[in-house]
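Novice: Note that the protein sequences, when read in sequence, are chains A and B.
Quick note: to get the working numbering, add 30 to the position in the first sequence (first position is 1).
Quick note: to get the working numbering, add 119 to the position in the second sequence (first position is 1).
No lab work stands behind these hints, which were simulated from the structure alone.
Don't take each hint at face value.
[To be verified] Here are the simulated lysine-lysine pairs, DSBU-like style, with alpha carbons at most 35 Å apart:
{"hint": "1", "chain 1": "B", "residue 1": "LYS355", "chain 2": "A", "residue 2": "LYS133"}
{"hint": "2", "chain 1": "B", "residue 1": "LYS355", "chain 2": "A", "residue 2": "LYS244"}
{"hint": "3", "chain 1": "A", "residue 1": "LYS115", "chain 2": "B", "residue 2": "LYS355"}
[Said to hold, decoys possible] Calculated Cβ distances over 12 Å to all of chain B for the following chain A residues:
{"hint": "4", "residue": "ARG170"}
{"hint": "5", "residue": "ASN266"}
{"hint": "6", "residue": "ARG288"}
{"hint": "7", "residue": "LEU311"}
{"hint": "8", "residue": "ALA350"}
{"hint": "9", "residue": "ALA353"}
{"hint": "10", "residue": "TRP361"}
[Stated by the list, open to error] Part of the chain B face toward chain A, derived, beta carbon under 8 Å:
{"hint": "11", "residue": "GLU336"}
{"hint": "12", "residue": "THR341"}
{"hint": "13", "residue": "ARG343"}
{"hint": "14", "residue": "LYS345"}
{"hint": "15", "residue": "GLY346"}
{"hint": "16", "residue": "LEU347"}
{"hint": "17", "residue": "HIS356"}
{"hint": "18", "residue": "ARG359"}
{"hint": "19", "residue": "ALA360"}
{"hint": "20", "residue": "ILE433"}
{"hint": "21", "residue": "ASP434"}
{"hint": "22", "residue": "PRO435"}
{"hint": "23", "residue": "ARG436"}
These numbers were taken from a predicted model, which means no experiment stands behind them.
Idealized CB from N, CA, C, for every residue including glycine.
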Amino acid sequence: MSTGLPEPTRERDDRLLLDVRGLTVRFPTPDGVVQAVSDVSFQLRRGETLGVVGESGSGKSVSNLAIMGLLNRARTVISGEVEFKGRDLLTLSTDALRTVRGKEIAMVFQDPFACLHPMYRVGAQIAEAVTAHEDVPRERAWARAVELLDHVGIPNATSRARDYPHQFSGGMRQRAMIAMALVHNPDILICDEPTTALDVTVQAQILELIESVKREFDIGVILVTHDLGVVAETANSVMVMYAGRVMEYGPANGIFSRPQHPYAWGLLDSMPSVERRLDALVPIEGSPPSLLTPPSGCPFHPRCPYRFEPCATERPPLEAPNADAHLDACWLPWDKKVQLGLQRAKKVAA
Amino acid sequence: MIFYIARRLIWTIVVVLCVIGITYVVFFKLPAGNPALRFAGKSPTPQELAQVEHRLGLDKPWYVQFGRFAYHFFTGDQYGWPGLGYTYASGASVKSLIFSRAPRTLFLIAGAAVLWLFSGVAIGVISAVRRRTVTDRVAMGFALFGISTPVFWLGLMMLYIFWRQLGWAGGAGYVSPASSPTGFFSHMILPWITLAMLYAAFYARMTRNNLLETLGEDYIRTARAKGLSERRVILKHGLRASLTPIVTMFGMDIALLVGGAVITESVFNLQGLGYLAINSALTQDLPIVAGVVMLAAVAVALMNLIVDILYAFIDPRVRYA
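Excised from the complex, chain B in its bound form (with noise of 0.2 Å):
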């Protein structure tokens, strides 16, 4: 069990430098210009390009720069861990830009992260339950709408509905937890409830046809044989058994989201990760963008790691592997 979580620590300590990598090259070397001159403000003398040029360490030959890159990273720079840099545009610390902004990204995915498990495996649990009934009709029908409705147009519905008309949340914007709690919710539950639609609808499906698969194996006539109640039968022995692929499937969609809510994240107005990044790459200013990318990679990584170990502990069939 050690050396399984061992050996895929190491593994992601490699993901993360070949990101790491990937990125100084995408974001650094590929971009045509100097970014020297993006510093310099305008029309500099050859003087101050020079100056910005030793500044920013761009005179040293690359590998010392990707060095001193890694290594900032890894270590902090001047404001902090991990380093990041500084803007092109303000030259102010990524990291703190990136810090300002994480906390709504990170709620909005937590929120929509727990309604969208429980409800979806809820309704796959049922759907599969009572398969080929209404009931059944009805939950896959939400299903293909979750599935099929644009994100943009159900969050703008929600606004209308729920906000404008109703008045039963607030509206877009982001209240931080800390000035009013009752405030963020009623913020952040349109956004929670549409991001969590199109995730439910998939982990609906997904467990419905997982259960029914399970559902068939001869280790649930063995429960049933037992004398166990239908409710056991389904609950620990067979949903037991279906887990696997959706903690796959929940742990890669928490980490995607990071950098992925763009969508939900501009229909509310709450300015979290994706929406800084997207800002970025507008305006060309590269280290946010590189900035938001690394984290977002992490993110992906730390969340293979703990869905890795996850699995050893729900298939015990993992551990010897």
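So that you can see chain A by itself, here it is in the shape it has in the complex (with noise of 0.2 Å):
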């Protein structure tokens, strides 16, 4: 089975950072059982950004909180594998799983005007994180804190440490969430929609932080986000999450030159560009289905225009249908994809 990636043998590729294995999350409620991640499986390695991109309640910031151990345990059942440094991240225990996290999984969210605390300063949030897991007097964390400021290309770093969130535009709002998250020099940045709360200048110019502190650091960066025209910027692999399952998976050049699944198509064409005038775009039909009742077979089959008789009763299994293609999940013969998918590059140039 090819995957269209570079093959993961684990002896062999020392880049490999992140390798997760039917990561399942379910939150029991009142109401019944809220499948909100199902059997996603992914690595990361070094150098690597990985986009992953789905609608609201996809399941794409689920299964990265449950990474980052971020779902409370009390009322959420993981199940999976989630291989990181020969550890497994979902069996440690609460205290060992802390000192990885902010240590050697940062995080950066996506409301940066929510996510820093109103009372403290900006650089005394950025030194408790130094502190948090380095034994250092407090003016050592907090000259880190400056120079990673700094670093993140905010202005007058050593006076504008002593402002406060609120002093702080939302672009340095986030700047100064990517110093707090470089502080241990991470392995693995998690970027949780960074640019979605930005205006449009400024998600371009945090895009090209996050790119650059990639390449400097050597780090594995996921970038959850819900537009694609970011993750054509700057993945390097993509996955495409529906319904908490992934639908597709593959190199990002792969998936925007040759989107294999129906619901791949579907966002693409969703999607507006400086190129495409706004009534040639098409929207998906109907809306994302509930979590608690998911459909049965492929969660895709009720809003599919190509579902025909195995969809609505059989999960279609993530392959890739042949070598030169990469994983999708669909019951779609090869020759038709390649059938439809030059149908819809004719309509897309025309």
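Relying on the hints, combine the two individually framed chains into one complex.
Specialist: Here it is, written out as structure tokens:
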């Protein structure tokens, strides 16, 4: 089976950082069990940016929170394996996980307006990240905070470190969050919709910053977003999620030039671009399913224009249809996909 | 920051002035009858009455009277500062009467406040952290008990159990800390607990709810993502943000008790300010009531000022508002 990605033979691949296998997250609620993430597997290597795309509620954020151990264990059922540097993060104790969190795996969140504590100075919040894992005097931690703020492009970092978050603009706050994430030179940076709350011009700067940080520190980046444009600009590989499941997974150029799953087609066709007029946008009909009672078979089948006999009853496995293709979870035969893909390409060109 | 404090300070002075005005009207202009009659003794002659009126300044126009009243309040009268006049009943100084009772009430409030603040917040935090466990239910059960129990009943029960039956604490009455420190504590401990119970219950519930709300905030997730210990996440990041409404309530509660701890004072026979005010109201000795009212009002205004200033230290966003 070819994945279209470099083969992950573990002995040889010392650049492999994260190996997620069969990650499943369930939230028991009074109304039933929310099947937030089902059987998600992927790998992340050093120097790689993995784009995770999907609509709201597709499980992309939840899978990352599960990896970070930020879901309330008492109210969540998590299974699968998350292998990081030879350890399974899902079986680590709370204390052991805390030494990984913020040190080896750091996270940047969506809304920089809400993610910084309003009552502490920005510098103090970054310095706190330093002292959380390192026993250094306060002045050293503060100096490190200033140095990092300067590094991520905050002007006059020495004085701005003494500011409170409300004195920062949105872009500056997100820079501060990135600075906080970089405190211990982590191996993995998880960015959960890092640009969604920001102006377009600022978005580009933040993406650029994340890219430069990735190259400089040789780390792996997981970039969660619903903005395909963001992924197209920065990701090396892309995972398309729907209703808590992986629909398509492969190298970014493969996904964008030869998408294989009808859901990915739908996503791409509903993406505005400069070349495309607004009336040429094709929305995906219907709305995402409830995760309390996800559809049988392929979760996308109720909205899929190409569904046929097995789709409603049998779940398609995530496989590569042939040696040249990447992974997808769809029952459509390969020649049919090629045919539909060609039609789509023509329509886009026209 | 200085401007902020100055602005608050000016407002406090304005409020105190208004309180003096209202107190004057309510206690010295609205009551029917000539106040001079109360001072002049039984069936005075017109000459005696005129003499008393002159002595009290009642022959002057109202604005002169009010001016003197306010002037005395701010600068003091023959009995010292603040000038509150003298009582109808004995002609003694209202100021000395209030000042002799004030320590009892202030000690009562201070001890109870310390108790309820720490126990209330601690119970609230534990309850929030152990949400939906037995601990939480027990704590909230205590809160319900504290809120719904009448103070007079609780006070009497306390006296009965811990003084009469067990003999662990002193009974009713007040012992000044100067004469006997141990006697003071032994007599104050039951009133402190009784008064603190009600408030601790409120504070526990408020802390729990605020903290639970705060713990859902994104910056708490950030704190956890940094790898901070859960203890630090809750006590430093969570509690700090939940503190603002508690500080407000604390300031107000303390101020309101200056004249409002009547029931506790009565049950334990402490004879503090509230007790003094009620007794004087019953005997229509209005200058004393007016004095207590003004003292309580000034306490409210001052606590408001302190709370506002504390706010600026707790929440940096206030400083720039």
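Novice: Just pull the numbers of the violated hints for me, sorted ascending.
Specialist: none
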